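Since chain A is already given, all that's left is putting chain B with the ligands on it; use the hints.
Chains as they are written, first to last, in this note's numbering: chain A, 1 to 263; chain B, 1 to 395.
Rather than coming from a laboratory, the hints here were simulated on the basis of the structure. Mixed in with the good hints, there may be bad ones.
Unchecked claim - Not close to chain A: a few residues of chain B, all C-beta gaps over 10 Å, as computed:
id	residue
1	N114
2	I143
3	F162
4	I173
5	L349
Claimed, not checked - Examples of chain B residues toward chain A, derived with CB under 7 Å:
id	residue
6	F139
7	Y180
8	G260
9	E264
Quick caveat, the model's predicted, so the values are computed rather than measured. Glycine included, C-beta positions come from ideal geometry on N, C-alpha and C.
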Amino acid sequence: MSEAAEIKIEQAERKEARANTILYVDGVSVTFDGFRALNSLSFYVEPGELRAIIGPNGAGKTTMMDIITGKTRPDTGDVLFRSDVDLTKLDEAEIANLGIGRKFQKPTVFESHTVFDNLLLACSGGRGVFQALFHRLGNAEKLRIEQTLETIMLVDKRDETAANLSHGQKQWLEIGMLLMQEPELLLVDEPVAGMTDSETEQTAKLLRSIAIDRSVVVVEHDMEFVRDLDCKVTVLHEGSVLAEGRLDHVQKDPRVIEVYLGR
Amino acid sequence: MTDYRQKYQMTPVIGWLLRDRGGMILLSILIAASILIPVGNLIVPEGSALHVPTWMMSLLGKYLCYALLALSVDLIWGFCGILSLGHGAFFALGGYAMGMYLMRQIGDRGVYGNPELPDFMVFLNWTELPWYWFGFDMFWFAIVMAMFVPGLLAFVFGFLAFRSRVTGVYLSIITQAMTYALLLAFFRNDMGFGGNNGLTDFKDLLGFSLQSDSTRASLFVASAVMLGICYILARCITNSRLGKVLIAIRDAESRVRFTGYRVEYYKLFVFTVSAVMAGIAGSLYVPQVGIINPGEFAPALSIEIVIWVAVGGRGTLYGAVLGAFIVNYAKTFFTGVMPEFWLFFLGGLFIAVTLLLPKGVIGAVPAFGSPDRQSVLAGLRKRISNGRANQGGKA
Ligand SMILES: Nc1ncnc2c1ncn2[C@@H]1O[C@H](COP(=O)(O)OP(=O)(O)OP(=O)(O)O)[C@@H](O)[C@H]1O
Ligand SMILES: [Mg+2]
Numbered sequence: 001m002s003e004a005a006e007i008k009i010e011q012a013e014r015k016e017a018r019a020n021t022i023l024y025v026d027g028v029s030v031t032f033d034g035f036r037a038l039n040s041l042s043f044y045v046e047p048g049e050l051r052a053i054i055g056p057n058g059a060g061k062t063t064m065m066d067i068i069t070g071k072t073r074p075d076t077g078d079v080l081f082r083s084d085v086d087l088t089k090l091d092e093a094e095i096a097n098l099g100i101g102r103k104f105q106k107p108t109v110f111e112s113h114t115v116f117d118n119l120l121l122a123c124s125g126g127r128g129v130f131q132a133l134f135h136r137l138g139n140a141e142k143l144r145i146e147q148t149l150e151t152i153m154l155v156d157k158r159d160e161t162a163a164n165l166s167h168g169q170k171q172w173l174e175i176g177m178l179l180m181q182e183p184e185l186l187l188v189d190e191p192v193a194g195m196t197d198s199e200t201e202q203t204a205k206l207l208r209s210i211a212i213d214r215s216v217v218v219v220e221h222d223m224e225f226v227r228d229l230d231c232k233v234t235v236l237h238e239g240s241v242l243a244e245g246r247l248d249h250v251q252k253d254p255r256v257i258e259v260y261l262g263r
Numbered sequence: 001m002t003d004y005r006q007k008y009q010m011t012p013v014i015g016w017l018l019r020d021r022g023g024m025i026l027l028s029i030l031i032a033a034s035i036l037i038p039v040g041n042l043i044v045p046e047g048s049a050l051h052v053p054t055w056m057m058s059l060l061g062k063y064l065c066y067a068l069l070a071l072s073v074d075l076i077w078g079f080c081g082i083l084s085l086g087h088g089a090f091f092a093l094g095g096y097a098m099g100m101y102l103m104r105q106i107g108d109r110g111v112y113g114n115p116e117l118p119d120f121m122v123f124l125n126w127t128e129l130p131w132y133w134f135g136f137d138m139f140w141f142a143i144v145m146a147m148f149v150p151g152l153l154a155f156v157f158g159f160l161a162f163r164s165r166v167t168g169v170y171l172s173i174i175t176q177a178m179t180y181a182l183l184l185a186f187f188r189n190d191m192g193f194g195g196n197n198g199l200t201d202f203k204d205l206l207g208f209s210l211q212s213d214s215t216r217a218s219l220f221v222a223s224a225v226m227l228g229i230c231y232i233l234a235r236c237i238t239n240s241r242l243g244k245v246l247i248a249i250r251d252a253e254s255r256v257r258f259t260g261y262r263v264e265y266y267k268l269f270v271f272t273v274s275a276v277m278a279g280i281a282g283s284l285y286v287p288q289v290g291i292i293n294p295g296e297f298a299p300a301l302s303i304e305i306v307i308w309v310a311v312g313g314r315g316t317l318y319g320a321v322l323g324a325f326i327v328n329y330a331k332t333f334f335t336g337v338m339p340e341f342w343l344f345f346l347g348g349l350f351i352a353v354t355l356l357l358p359k360g361v362i363g364a365v366p367a368f369g370s371p372d373r374q375s376v377l378a379g380l381r382k383r384i385s386n387g388r389a390n391q392g393g394k395a
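Isolated chain B (complex conformation):
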């Protein structure tokens, strides 16, 4: 045991990554997928059983973006207890930054053929580009903004909220209010982001057509790689002493304060990092789905992200990724077969997971549960008998 601890503390990042079983599995899958899926799409001929259709590759790419978004939420919720119900806002802002670049790429191929102005601006009789659209004709600038804008918003928002010690339900509510306010703002035509239609009709990215299979394959690979990189970064954070402080804040915030840590700075740090990751996810998402509109700011979507994390298993990072895939696959399935039941299913799933699998799907897999973990059934039995005991006690 002593020996293990010594190694654990002394070896570099690679050492503990190798011991992070869930992480290794995730990274291996990501590496395999980013090789096999593009090969299956681009090289394997269409008739073959191994061919991966483009729609499927794009769908998986979209899931990867959701997975990165879920990862960013797990980093703050699972490890620091900050339940953000507004992370969709950071995702959408990242998406808008990329969308603005894609709009500028359209150039004079729009309906109105204006080389400078996107169609919706011509339609509004605007004569010149608003100042905040400057620079978005450059890809690097859009990428920087996709990270900077969500990061800045999170920093300012977090600074105010954490300094005033807003926590728990109150914090969740104001994050909802934040994304709702942005939803209303982006709906307005005179904001200059295309109003309720948002930004769409994208043509190409860095000169490559968004319709071509090879561009789509590249976007898929980029999403997988970014998810992998962000996973490793998040793991670096959670495994550091800083990560231990975050967990301590989650468990006993005032104890951390009386130990001499400035809790608000720690929260601010991880909240900002998380928002940047959400922004990156949004910027990868938009070129793959071909549209960004204010609907992405909808408060309900932000709540859904939290459900992904809860379903997969909070506080594990890879659980969040798994949860995003499970729930979104179910969503795709349901909206195809019986769309009217989707919300019932989502609500039911959330309740079922909270009651039966408090540690999420990951927690139910023996290899990933904690050593003193009980089997799902035993846990359920205990809950039921506890419930009886409580009722008995009250009567």
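Chain A on its own, in the form it takes in the complex:
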């Protein structure tokens, strides 16, 4: 077979791999001052999929989210949304408006606003300066906010200032803000850090229900929680994928045991 034909076949294969993905990360590398945080990272997420990403501290999980959401630019590699939108060319606001929502590792809500206003600001719709200046709260918006309050179990905290919420409640509020954005893809960084066991359980349930009609990528250290999520797991190590599959499967992988679970 000629070389040209081989390349063609390879391209065709890659195209096929891409075709049915909501998120396609291929060969992404990024270096900070000589330190390789991501090393030719590749993975794919299918529409409607719930995916857990685990890996030791410093594996590059948060950096991966930074790349997808436009905060950090990769040195090399492709990041595609809905198999054709090149995310490496867009900035944070554009990517958010495309339908990718992100929860930070450290819960980040608008502390001086009420829970209600936090959700209102996240509510999908006009983001323009003058739209915001002349915006009046509509009934449809109000209804959506009320529904989200119920989903995130914060109905009775509606008029509470976000600064007064517990750590776990802030995590939920941030997830609620993502939902208000109506994203197709949610990236959730360590959602159960600082939560009680029962809160953790509720959060797993919440994320599973969210994943029914959206794609969700969850980064988490808590193995019980990951087990509760009951989904495909990707193990990151030193900036690339070490193993992928069901949790039981990856837990048996000797390399995974060595770098992560065994310790």
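Same frame as chain A, now just chain B with the ligands:
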């Protein structure tokens, strides 16, 4: 609570203005002052105890301009976290625009009697008016320029700074650099703005003598009215969804970005509006003090404005107004009695407020503090014990 929220969202501007207690008090005082003070000056005879001397009316008018300037700084600093240390530049530019009009009004009554050229240009042997002085013989044009020029500068400056995501201390430093650069530029004689003497010896405004009590009373009223209007405008902005986005930017800028807002446009909007307000303040200030010179661009003055806001109470709008009055009254007092102590006092005041009254004077008034506010003393005790705990922790 639900009911309250419903009303809060659904009623028009008037509704929430009535619920804005500090704002209502401010607006009432402004209305009362703009009636009583001119009456006390123009109608009450001079011997009476209720007579308001002209110097006092002018002084209060000057404070009103400072208050508007403080309001403009609070709008960006208190609500969006943009600490501008160069707002004096916008104020001065507004002042120069008005000053240019007042210079043209002098006509042939100058020392050299040239009907076209201001004295300083004749002195420099210039033969014709520079192009950028055209139009300033018209009052409306000067007023438009007093808003347009600061607004344009803020827009261009903000566009570059916010697009490059310059924030925090770096932004404060480049705003200082901006006002300093303008200070140096306006000092130059060949800029055509009167060099270090600036613009002065004004005679009249719209044909009315600037020396007459009735003109001064009108300027006082105009300042009070503009402060009131700008307060309401600023309140409209902060109470809108846009205002909530601004506060969100102040608290968690990256979260706002990842929520899909273009943070730079929001900052640009409020920064430009604020600069226009500062320009208006400057244009009202100049006819009342009778001079505008490059000293108004001094970086230290811009820092002083921020102190006014901090003293009054950042992020409340009316606190900024109060702070401008308190600090400037103190300044007038000190520079009269013991001028050498003024800067020490100002520095001490700033430190005292930062340590004891982090929410400013307004924050210490129970009716205006937040519901979970602690008393000043309790707050202080907590700070001290925290300080001890921290020291203990380190040891
Ligand atoms: N902006 C940056 N500049 C320099 N180094 C960085 C930067 N961001 C991340 N790193 C480094 O890249 C590596 C990967 O970091 P990252 O935050 O992605 O890890 P993580 O997998 O999210 O870890 P954790 O589980 O602790 O959250 C770390 O060693 C970190 O120090
Ligand atoms: Mg991380």
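Non-interface label on I173 of chain B, tested against every C-beta of chain A at 10 Å: holds (25 Å)
Whether L349 of chain B stays farther than 10 Å from all C-beta atoms of chain A, as the label says: Given that every Cβ of chain A is farther than 10 Å from that of L349 of chain B, nearest at about 26 Å, it holds.
Given as non-interface: F162 of chain B, partner chain A, CB spacing beyond 10 Å: holds (12 Å)
Status of the hint placing G260 of chain B at chain A (closest C-beta pair under 7 Å): holds (4 Å)
Non-interface claim for N114 of chain B versus chain A (Cβ beyond 10 Å): Consistent with the label, N114 of chain B stays out of reach of chain A, its closest Cβ about 47 Å off (over 10 Å).
Evaluation of the interface hint that places F139 of chain B against chain A, nearest CB under 7 Å: violated (30 Å)
Separation of I143 of chain B from chain A, once the least beta-carbon distance is taken, above 10 Å: Check passes; 24 Å lies beyond 10 Å.
Restraint outcome when Y180 of chain B is required to lie within 7 Å of chain A by C-beta distance: With a minimum Cβ separation of about 30 Å from chain A (threshold 7 Å), the hint on Y180 of chain B is violated.
Interface hint compliance - E264 of chain B to chain A, C-beta minimum distance less than 7 Å: Because about 9 Å separates E264 of chain B from the closest Cβ in chain A, which is outside the 7 Å limit, the hint is violated.
Checked against the numbered hints above, the structure breaks hints 6, 7, 9 and satisfies the rest.
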